[in-house]
Amino acid sequence: AQSVAQPEDQVNVAEGNPLTVKCTYSVSGNPYLFWYVQYPNRGLQFLLKYITGDNLVKGSYGFEAEFNKSQTSFHLKKPSALVSDSALYFCAVILNTGFQKLVFGTGTRLLVSP
Amino acid sequence: NAGVMQNPRHLVRRRGQEARLRCSPMKGHSHVYWYRQLPEEGLKFMVYLQKENIIDESGMPKERFSAEFPKEGPSILRIQQVVRGDSAAYFCASSTSGMDIHLYNEQFFGPGTRLTVL
Numbered sequence: 085a086q087s088v089a090q091p092e093d094q095v096n097v098a099e100g101n102p103l104t105v106k107c108t109y110s111v112s113g114n115p116y117l118f119w120y121v122q123y124p125n126r127g128l129q130f131l132l133k134y135i136t137g138d139n140l141v142k143g144s145y146g147f148e149a150e151f152n153k154s155q156t157s158f159h160l161k162k163p164s165a166l167v168s169d170s171a172l173y174f175c176a177v178i179l180n181t182g183f184q185k186l187v188f189g190t191g192t193r194l195l196v197s198p
Numbered sequence: 056n057a058g059v060m061q062n063p064r065h066l067v068r069r070r071g072q073e074a075r076l077r078c079s080p081m082k083g084h085s086h087v088y089w090y091r092q093l094p095e096e097g098l099k100f101m102v103y104l105q106k107e108n109i110i111d112e113s114g115m116p117k118e119r120f121s122a123e124f125p126k127e128g129p130s131i132l133r134i135q136q137v138v139r140g141d142s143a144a145y146f147c148a149s150s151t152s153g154m155d156i157h158l159y160n161e162q163f164f165g166p167g168t169r170l171t172v173l
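Each protein sequence line maps, in turn, to chains A and B. Here the first sequence is numbered in our numbering, starting from 85 and rising by one per residue. Here the second sequence is numbered in our numbering, starting from 56 and rising by one per residue.
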């Protein structure tokens, strides 16, 4: 089955340090990968996507993600974390079912300490 | 331009009652998706609708759950005879189109309805 996995339930990082939130995928064919962020009591906000093209994708709020086909990974990164980045991050893939059905990972909680 | 609206934001029901969750898509969006987020889990796809049509309901439980997106008005997710296991956050998303995977159109999410079944 096509899916994404987020191996870390929580990531802790100090403000100003680089952060990485991991995601690996298992899909047949070309993957269409996404990152969303969820703030408390809010809906999901789109951060970035990989469809085709450059392996390094830049998104909102200074986030970027690197698509690595050999490692089947799509890790989310930011060079310098902010306390306000603390939230729940979801990796997702679109299934090739003929329409845009998102399949989400279980989420990773990012805590950025001052 | 208002975003995706969902109401109510919080809904409490007793076992056996009905729950109606409403979703108003963004202006100009005719595609609606419903997802369910159980505690400590990711979002799970439930159903995809276009105006007056259910396109895919493969993620929806076969019994007690139904969804509609009428020509006029919001999309409705209806849960009959709720049970404690239905307690979850239900998110609606909308997009301008949804059929061509190569022309991905971002799904915009609403704030969700948190259903608690007592």
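Everything labelled a hint here was simulated from the structure, so no lab data went into it. Nothing here was measured: the structure is a model prediction, and the numbers come from that model. We put the CB at the ideal spot given by N, CA and C, even for glycine. Fair warning: there could be bad hints in the mix.
As the list claims (entries may be wrong) - Footprint (simulated), chain B over chain A, 3 or more residues, beta carbon under 8 angstroms:
1. 147-157
2. 183-197
Unchecked claim - Simulated pairs of lysine to any residue, SDA-like, Cα-Cα distance not exceeding 20 angstroms:
3. 99(B) with 101(A)
4. 82(B) with 142(A)
5. 106(A) with 95(B)
6. 99(B) with 108(A)
7. 106(A) with 138(A)
8. 117(B) with 128(B)
9. 99(B) with 131(A)
10. 99(B) with 155(A)
11. 133(A) with 99(B)
12. 82(B) with 135(B)
13. 142(A) with 126(A)
14. 99(B) with 75(B)
15. 99(B) with 126(B)
16. 99(B) with 124(A)
17. 142(A) with 161(B)
18. 99(B) with 144(A)
19. 99(B) with 89(A)
20. 106(A) with 144(A)
21. 106(B) with 93(B)
22. 133(A) with 98(A)
23. 82(B) with 111(A)
24. 106(A) with 183(A)
25. 99(B) with 142(A)
26. 133(A) with 161(B)
27. 133(A) with 131(B)
28. 99(B) with 136(A)
29. 99(B) with 138(A)
30. 99(B) with 57(B)
31. 106(B) with 126(B)
32. 117(B) with 135(B)
33. 99(B) with 161(A)
34. 99(B) with 125(A)
Said to hold, decoys possible - Listed next, with one range per pair, are the computed distances between beta-carbon atoms:
35. 96(A) with 116(B): 12 to 22 angstroms
36. 99(B) with 123(A): 15 to 25 angstroms
37. 81(B) with 145(A): 42 to 52 angstroms
38. 136(B) with 155(A): 25 to 35 angstroms
Evaluation of the provided hints:
Proximity of the region 147-157 of chain A to chain B, defined as three or more residues with a beta carbon under 8 angstroms from a beta carbon of that chain, is not established by the 0 residues found. For the region 183-197 of chain A, the assignment as covered by chain B holds, since 9 residues bring a beta-carbon within under 8 angstroms of that chain's beta-carbons and 3 suffice. With a C-alpha separation of about 32 angstroms, the suggested pair residue 99(B) and residue 101(A) falls outside the 20 angstroms cut-off, and the hint is violated. For the hint linking residue 82(B) to residue 142(A), the alpha-carbon distance of about 27 angstroms lies beyond 20 angstroms, and the restraint is violated.
With a CA separation close to 18 angstroms, the supplied pair residue 106(A) and residue 95(B) stays within the 20 angstroms bound. Restraint check: the Cα-Cα separation between residue 99(B) and residue 108(A) comes to about 18 angstroms, which is no more than 20 angstroms; the hinted pair holds. The straight-line distance between the Cα atoms of residue 106(A) and residue 138(A) is roughly 19 angstroms, inside the 20 angstroms bound, and the hint therefore holds. For the suggested pair residue 117(B) and residue 128(B), the alpha carbons sit about 25 angstroms apart, so the restraint of at most 20 angstroms is broken.
Pair hint residue 99(B) plus residue 131(A) holds up; C-alpha atoms about 19 angstroms apart against a cutoff of 20 angstroms. For the hint pairing residue 99(B) with residue 155(A), the CA-to-CA distance comes to about 25 angstroms; that exceeds 20 angstroms, so the pair is violated. Under the criterion of a C-alpha separation no larger than 20 angstroms, the hint pairing residue 133(A) with residue 99(B) is consistent with the structure, at around 19 angstroms. For the hint linking residue 82(B) to residue 135(B), the alpha-carbon distance of about 29 angstroms lies beyond 20 angstroms, and the restraint is violated.
The suggested pairing of residue 142(A) with residue 126(A) is violated, with an alpha-carbon distance near 23 angstroms, which exceeds 20 angstroms. As the CA atoms of residue 99(B) and residue 75(B) are separated by approximately 19 angstroms, the hinted pair is consistent with the 20 angstroms bound. Using a Cα cut-off of 20 angstroms, the hinted pair residue 99(B) and residue 126(B) is violated, with the two alpha carbons roughly 26 angstroms apart. Annotation: proposed proximity of residue 99(B) to residue 124(A) holds, straight-line Cα distance about 18 angstroms (limit 20 angstroms).
Distance check on the hinted pair: residue 142(A) and residue 161(B) sit about 16 angstroms apart at the alpha-carbon level, within 20 angstroms; holds. Distance restraint check for residue 99(B) and residue 144(A): the Cα-Cα separation of roughly 24 angstroms exceeds the 20 angstroms cut-off, and the hinted pair is therefore not satisfied. For the proposed pair residue 99(B) and residue 89(A), the alpha carbon gap of about 14 angstroms is at most 20 angstroms, so the pair holds. A distance of roughly 18 angstroms separates the Cα atoms of residue 106(A) and residue 144(A); the hinted pair therefore holds under the 20 angstroms criterion.
Restraint check: the Cα-Cα separation between residue 106(B) and residue 93(B) comes to about 27 angstroms, which exceeds 20 angstroms; the hinted pair is violated. Between residue 133(A) and residue 98(A) the CA atoms are separated by roughly 26 angstroms; this puts the pair beyond 20 angstroms, and the hint is violated. With a C-alpha separation of about 33 angstroms, the suggested pair residue 82(B) and residue 111(A) falls outside the 20 angstroms cut-off, and the hint is violated. As the CA atoms of residue 106(A) and residue 183(A) are separated by approximately 26 angstroms, the hinted pair breaks the 20 angstroms bound.
About 26 angstroms separates the Cα atoms of residue 99(B) and residue 142(A), which puts this hinted pair outside 20 angstroms; it is violated. Only pairs whose Cα atoms come within 20 angstroms are accepted, and residue 133(A) paired with residue 161(B) is accepted, the gap being roughly 9 angstroms. For the hint pairing residue 133(A) with residue 131(B), the CA-to-CA distance comes to about 29 angstroms; that exceeds 20 angstroms, so the pair is violated. At most 20 angstroms may separate the alpha-carbon atoms for a hinted pair to count; residue 99(B) and residue 136(A) exceed this at roughly 25 angstroms.
For the hint pairing residue 99(B) with residue 138(A), the CA-to-CA distance comes to about 29 angstroms; that exceeds 20 angstroms, so the pair is violated. The suggested pairing of residue 99(B) with residue 57(B) is violated, with an alpha-carbon distance near 25 angstroms, which exceeds 20 angstroms. About 6 angstroms separates the Cα atoms of residue 106(B) and residue 126(B), which keeps this hinted pair within 20 angstroms; it holds. The hinted pair formed by residue 117(B) and residue 135(B) meets the criterion: a straight-line CA distance of about 12 angstroms does not exceed 20 angstroms.
Under the criterion of a C-alpha separation no larger than 20 angstroms, the hint pairing residue 99(B) with residue 161(A) is inconsistent with the structure, at around 25 angstroms. Proximity of residue 99(B) to residue 125(A) is assessed by CA-CA distance (about 18 angstroms); at most 20 angstroms being required, the pair is judged to hold. As the Cβ distance of residue 96(A) to residue 116(B) is approximately 37 angstroms, the hint placing it in 12 to 22 angstroms is violated. Between residue 99(B) and residue 123(A) the Cβ separation comes to about 20 angstroms, which falls inside the hinted range of 15 to 25 angstroms.
Between residue 81(B) and residue 145(A), the C-beta spacing of about 21 angstroms breaks the proposed range 42 to 52 angstroms. For residue 136(B) and residue 155(A), the hinted distance range of 25 to 35 angstroms is not satisfied, since their beta carbons lie about 47 angstroms from each other.
Hints 1, 3, 4, 8, 10, 12, 13, 15, 18, 21, 22, 23, 24, 25, 27, 28, 29, 30, 33, 35, 37, 38, counting from the list given before, are not met by this structure.
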